[in-house]
Amino acid sequence: MTRAALLVLADGRFPAGGHAHSGGAEAAVKAGRITGASGLESFCRGRLHTAGLVSAGLAAAAALGMDPAELDAAADARTPSPALRGVARRLGRQLMRAARVTWPSAELDALARQFPKGAHQPVVLGVAARAAGLGAEDAAYCSVYEGVSGPATATVRLLSLDPFDATGVVARLAPEMDLVVGRAVEAARRAVHDGVDVLPAASAPLLEIGAEGHAGWAVRLFAS
Amino acid sequence: MHLDHTHPHTHDGPAALSADAHRPDGRRRALRIGLGGPVGSGKTATVAALCRALRDELSLAVVTNDIYTREDAEFLLREAVLPPERITAVETGACPHTAIRDDISANLEAVEELEDEVGPLDLILVESGGDNLTATFSKGLVDAQIFVIDVAGGDDIPRKGGPGVTTADLLVINKTDLAPYVGSDLARMAADAKAQRAELPVVLQSLRGEGGVTAVAQWVRERLAAWTA
Ligand SMILES: Nc1nc2c(ncn2[C@@H]2O[C@H](COP(=O)(O)OP(=O)(O)O)[C@@H](O)[C@H]2O)c(=O)[nH]1
Ligand SMILES: [Mg+2]
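Chains as they are written, first to last, in our numbering: chain V, 1 to 224; chain U, 1 to 229.
You may find that some hints are simply not true.
Claimed, not checked - Some chain V residues near chain U, calculated using beta-carbon distances under 7 Å:
1. Gly-17
2. His-19
3. Ala-20
4. Gln-94
5. Val-156
6. Arg-157
7. Gly-213
8. Ala-215
9. Val-219
10. Phe-222
11. Ala-223
To be verified - Footprint (simulated), chain V over chain U, 3 or more residues, beta carbon under 8 Å:
12. 21-33
13. 61-72
14. 93-100
Simulated from the structure, these hints should not be mistaken for laboratory data. Backbone N, C-alpha and C define an ideal beta-carbon position, used for all residues, glycine too.
The shape of chain V in the complex, shown without the other chains (with noise of 0.2 Å):
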């Protein structure tokens, strides 16, 4: 594996659509429960464990070469929420095509095919990582980062949050990450041969009751 393309992959500029996506940042905003810093750390330590630890583990799972259409499956399984599964798939669709084009790779062709209007986000990260020559923890560590990297990002347009306060949430959540990607990875391992029921499913119902109200939105900044 080469260091410098885990970065490529994770950098937030990376062009696959996220930018338009808040991780449910703009629904907590507007109830309340993010006005601040803290309520930001809250949110995202909440969704680091959570749907991030879910999405790490499905991006694991992937760059170990377990099926794709049966990790979509997990995937739609473990999202209550129509509107969170749309969304994962427009991601991944979207990712997709940005992975196609920097890493060129049969696998992930064959898994545009297979879905042409997408499979859910993590899926396609952990092919695009195998794509890059990357493996499932670095797979892992993109999927925790961004998923609170994200929110950070929209928090800091949403609330005119300061930027270095924003970035110190994100700093001080690393260790966190780390261990969440050890569980992730760990679950990955035992999925390959114990099958994706054993993929952690770990729920958050507010974001996915926020999601649903978000989505019927008149007027709001993100996509999601």
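For chain V, the structure is supplied; the task is to place chain U with the ligands on it using the hints.
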């Protein structure tokens, strides 16, 4: 043939990637023209007028990039300039210039979906969410771009230049009917624009006036003729 020679794996890929001139089925895709410029300069009004002028001779569709609503898409729907399935709104996450330049994923998806669902199309107009004078479209998204400014935004804008004014394939100075009321000097705007743009064309128009969008529509027809040649 495929424009993207450097990516052999994607040659037989299941879906088009970005600027490929051909669709996966081998047909030439629609010409994509971007309309950028500051908020309120008349981009949506120009798109609406272009649709009315061209819809009987061309198969066309529109992608709007609203900043935080679906206003532009809804205006076009209300005005019934095209059937609803030919108008798509893209959400830009508070960053309209990112969606047309730095990360064009959502817009590419929108143009391809339009071609898949209502195609074949000759022309897709992509309206930007409205931004500052530096916002331009990526060549990976559009084949040509129109930058729309207006006389009410200040007659020194052409002189100030910037990537939109200087490099757009067509500069439109809109709302010339308002010039007397806002004290804008049209001759000076035209001369400054010419100085910034050398050979690149400039159109002064009023959508409230007689000529309306005629000159811009003619420019679009010429681009299309060159695209399909
Ligand atoms: N007087 C005048 N008003 C115009 C003209 N073109 C557009 N407008 C008006 O300017 C306002 C903003 O136009 P719009 O197309 O929504 O701007 P956009 O933000 O660039 O899309 C609307 O009220 C239009 O009706 C024009 O040529 N003359
Ligand atoms: Mg508009």
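A quick look at each hint next to the structure:
The restraint placing Gly-17 of chain V at the interface with chain U holds, with a minimum CB-CB distance near 4 Å, inside the 7 Å limit. Against a cut-off of 7 Å between C-beta atoms, the interface hint on His-19 of chain V holds, since the closest Cβ of chain U lies about 5 Å away. The interface hint given for Ala-20 of chain V holds, since its Cβ lies 3 Å from the closest Cβ of chain U, which is under the 7 Å cut-off. Here the hint on Gln-94 of chain V is kept, as its CB sits about 4 Å from the closest CB of chain U, short of 7 Å.
Nearest Cβ of chain U to the Cβ of Val-156 of chain V: about 10 Å, over the 7 Å cut. The hint is violated. Below 7 Å, beta-carbon pairs count as interface contacts, and Arg-157 of chain V has one with chain U at about 5 Å; its hint therefore holds. For Gly-213 of chain V, the suggested interface contact is broken, since its CB lies about 16 Å from the closest CB of chain U, more than 7 Å. With 7 Å as the threshold, the beta carbon of Ala-215 of chain V stays out of range of chain U, its nearest partner Cβ sitting at about 11 Å, so the hint is violated.
Annotation: interface hint on Val-219 of chain V holds; nearest CB of chain U at approximately 5 Å, less than 7 Å. Of the supplied interface hints, the one on Phe-222 of chain V holds, with its beta-carbon coming within about 5 Å of a beta-carbon of chain U, less than 7 Å. Annotation: interface hint on Ala-223 of chain V holds; nearest CB of chain U at approximately 4 Å, less than 7 Å. Counting residues of the segment 21-33 of chain U whose CB falls under 8 Å from any CB of chain V gives 0; the rule of at least 3 is not met.
With 4 residues having a Cβ less than 8 Å from any Cβ of chain V, the segment 61-72 of chain U passes the three-residue criterion, so the hint holds. Under a criterion of three residues with beta carbons nearer than 8 Å to beta carbons of chain V, the stated coverage of the segment 93-100 of chain U is upheld, 5 such residues being counted.
Violated hints, in rising order: 5, 7, 8, 12; the structure is consistent with all others.
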